[in-house]
Amino acid sequence: MASVTSNEIKEFLVEKILKNHSNIFDKATQEQLSLIKRTKVSRPVIFVGMGTCALIAGAEKTLKAAEKYLADHQIAGEVIRVGCLGLCSAEPLMDVQLPGKARISFHHATEDKVEDLLNSAFHRTLLQETILGQFKNEAQEEWSKITPIDQLPYFARQQRIILCNSGIISPYLINDYLAHGGYKSLYKTVLNYTSDKVCEIVDQSELRGRGGGGFPTGKKWLITLGTGSDKKYLICNAEESDPGAFMNRAIIEGDPHRVIEGIAIASYAIGANEAYIYIRSDYTQSLVILENAIKQAKEYGFLGNNIFGSGFNLTIYIRQGAGAFVCGEETALIASIEGRRGMPQAKPPYPAEKGLFGHPTIVNNIETLANIPAILENGPAWFKTIGTKESRGTKLFSIAGKSLNTGFIEIPMGVTISEIVNTIAGGVKDGKELKAVHIGGPSGVSVPKQNLDTAIGYETLQEIECFIGLGGLIILDEDTCMVNLTRYFMEFLQKESCGKCIPCREGTRRMLQILEEVTRRPKEESTHETLERFKGVVELENLAAVIRDTSLCGLGKNAPNPVISSLKWFRDEFEEHIFDRKCKAGVCHDLRTFIIDAESCNGCNICQKKCPENAIIGTIKLPHFIIASKCTGCGICFDSCKFNAIYFK
1 MASVTSNEIK
11 EFLVEKILKN
21 HSNIFDKATQ
31 EQLSLIKRTK
41 VSRPVIFVGM
51 GTCALIAGAE
61 KTLKAAEKYL
71 ADHQIAGEVI
81 RVGCLGLCSA
91 EPLMDVQLPG
101 KARISFHHAT
111 EDKVEDLLNS
121 AFHRTLLQET
131 ILGQFKNEAQ
141 EEWSKITPID
151 QLPYFARQQR
161 IILCNSGIIS
171 PYLINDYLAH
181 GGYKSLYKTV
191 LNYTSDKVCE
201 IVDQSELRGR
211 GGGGFPTGKK
221 WLITLGTGSD
231 KKYLICNAEE
241 SDPGAFMNRA
251 IIEGDPHRVI
261 EGIAIASYAI
271 GANEAYIYIR
281 SDYTQSLVIL
291 ENAIKQAKEY
301 GFLGNNIFGS
311 GFNLTIYIRQ
321 GAGAFVCGEE
331 TALIASIEGR
341 RGMPQAKPPY
351 PAEKGLFGHP
361 TIVNNIETLA
371 NIPAILENGP
381 AWFKTIGTKE
391 SRGTKLFSIA
401 GKSLNTGFIE
411 IPMGVTISEI
421 VNTIAGGVKD
431 GKELKAVHIG
441 GPSGVSVPKQ
451 NLDTAIGYET
461 LQEIECFIGL
471 GGLIILDEDT
481 CMVNLTRYFM
491 EFLQKESCGK
501 CIPCREGTRR
511 MLQILEEVTR
521 RPKEESTHET
531 LERFKGVVEL
541 ENLAAVIRDT
551 SLCGLGKNAP
561 NPVISSLKWF
571 RDEFEEHIFD
581 RKCKAGVCHD
591 LRTFIIDAES
601 CNGCNICQKK
611 CPENAIIGTI
621 KLPHFIIASK
631 CTGCGICFDS
641 CKFNAIYFK
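Numbering follows the numbering used here, with no gaps: position 451 of the sequence shown is 451.
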């Protein structure tokens, strides 16, 4: 295929592959397709992961070093930008595929390692410690003693449907997506199904919204389809404002055309000719990739007027948000697109009946829409074989925190939290003890160790008063202070409250005040003040009930969740902070008491010079002492001591 033009490749993919109903190809067609898919290559190809996580790890320099290597050694090879494979803690990732050999992946391939890694690949002298794994391919010879990627613990339990192309294909090349079966579902849909039939198929699949609410997607679509209006809209919610969640961004950066195809099918199903992608403005790389993908889809006739000659027209617009957490709520998001301040509206009417510009509107999360092409391709019965009876399909999770492996995964519903933590994430790093797993973002719940055998699912998580949310999962070790973590989440939620309703605006503020009092040491301590702090914590539970029952939108209703779960499962830490004025984890600075070990101190005087409160006294070359009444617990002395003579309790 190297000798043919891009137009010939386009014609081949659209006419011979996309419009082939039987999926049966002759030998010549299979040969051409394998070259386009790069399952078979005629020259060396280097793939560099260029997701946001990889760029932070230095992937841009890795890419340039790979290009320089090929130029310096006069190798007629190719360097391809791909998305993130999902194992962000191993970035930068660099894959090499040589003619006749399986594609291999190197982990932590920083700029300074590129030459040695490529030399080892080209000279067939691979070092095990540099290899992540290899991609099995029946048509290619496997590397000896190299584990297949899909057999690694991180990937073995996954079932990658949405992520099947992530880290494999280039998000900048529409031909890559087409060669892997892209836009086939859209072609099949608009030429063979009516709108109500598409809604029926999605409803039969029992796909539930992946934005956190879990409402049946097909039923939601049927409401909008059945609502009379001269105009209907579809909105793809790519806001993803939860701290610790980055799956939506990863989908866009790895496989943007899957999102566009899902949007197109959904728009056809509800009778919409205009769709919006709402994404935060600081996702700069995602924006570039999306704009490029939309442009390519228009050029190929997959967007625009009379798509595939069906009479279906669709235009997709991108709208950038300012990153407000509240704009993840659908009515606030709609207000933002309309140019108004992003504030939630009372429901009903629901957006499915009266939404954008007063017309019926479907708001779906990116992950929800990315499932649609696979459902239309394989049918609802296939989708229902994945997951559990109550929660069908797969779910994306981002793994962050104190685990050995961090990144994003796609698992079938029904996998336990324990499997994610101990098998996929590799357990807690540095030999620390696991304390809890926080699921659901800032308004989520910290699940204690005794509940880790709970299966992932909408109903099963509700049994332990937890919910999936967007899919953010943070692993917490023994050094985590649950009181301080709860205070952090409440501070975030209080700042992000739009302020429209009093329960959320004032309730979250009061909750934050109580938590700050618990984590702060007063200048003068008394039994009365200790009692006041305890009464404040008791007040949290009553306050939570009021906020949950009377707030206008989901942000307010779920804001008390981290407080309630922490009080339920980690009440002993709150009592320790209140009565003993201690933070066992040493995280709450105001509660730390620093002490100088007289036997270890050599009187170097560095700590005394750096103490901003003049709380350290002593003579040079003799042990120093800390005046407890002056010490603010800032920890500067602890950080500056080179002899480990200072400790805290």
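Where hints are given, some of them may not hold.
Listed below are the simulated DSS-like cross-link pairs for lysine-lysine, each with C-alpha atoms no more than 27 Å apart in a straight line [said to hold, decoys possible]:
id: 1; residue 1: K113; residue 2: K101
id: 2; residue 1: K40; residue 2: K184
id: 3; residue 1: K610; residue 2: K568
id: 4; residue 1: K354; residue 2: K557
id: 5; residue 1: K113; residue 2: K27
id: 6; residue 1: K557; residue 2: K219
id: 7; residue 1: K568; residue 2: K449
The calculated label-pair distances, taken between Cβ atoms and stated as ranges, are [to be verified]:
id: 8; residue 1: I146; residue 2: D282; range: 23 to 29 Å
id: 9; residue 1: T110; residue 2: K642; range: 46 to 52 Å
id: 10; residue 1: R340; residue 2: I146; range: 53 to 59 Å
id: 11; residue 1: T5; residue 2: T315; range: 48 to 54 Å
id: 12; residue 1: E463; residue 2: G228; range: 36 to 42 Å
id: 13; residue 1: E433; residue 2: E539; range: 51 to 57 Å
id: 14; residue 1: P349; residue 2: F534; range: 17 to 23 Å
id: 15; residue 1: R340; residue 2: G228; range: 40 to 46 Å
id: 16; residue 1: Y317; residue 2: E11; range: 45 to 51 Å
id: 17; residue 1: Q320; residue 2: R571; range: 41 to 47 Å
id: 18; residue 1: E433; residue 2: K642; range: 38 to 44 Å
Hints listed in this document are in silico derivations from the structure and should not be mistaken for laboratory results. Where is the CB? At the ideal position from N, CA and C, for every residue including glycine.
Evaluation of the provided hints:
1. K113 <-> K101: Measuring from Cα to Cα gives roughly 22 Å; hence the hint holds.
2. K40 <-> K184: It holds: about 22 Å lies between the C-alpha atoms, which stays within 27 Å.
3. K610 <-> K568: Distance ~41 Å between K610 and K568 Cα, so the pair is violated.
4. K354 <-> K557: Cα-Cα ~23 Å, so holds.
5. K113 <-> K27: Outside the cut-off at roughly 40 Å; violated.
6. K557 <-> K219: 24 Å, holds
7. K568 <-> K449: 13 Å, holds
8. I146 <-> D282: 23 to 29 Å: 38 Å, violated
9. T110 <-> K642: 46 to 52 Å: 30 Å, violated
10. R340 <-> I146: 53 to 59 Å: 56 Å, holds
11. T5 <-> T315: 48 to 54 Å: 29 Å, violated
12. E463 <-> G228: 36 to 42 Å: 41 Å, holds
13. E433 <-> E539: 51 to 57 Å: 32 Å, violated
14. P349 <-> F534: 17 to 23 Å: 45 Å, violated
15. R340 <-> G228: 40 to 46 Å: 25 Å, violated
16. Y317 <-> E11: 45 to 51 Å: 29 Å, violated
17. Q320 <-> R571: 41 to 47 Å: 43 Å, holds
18. E433 <-> K642: 38 to 44 Å: 29 Å, violated
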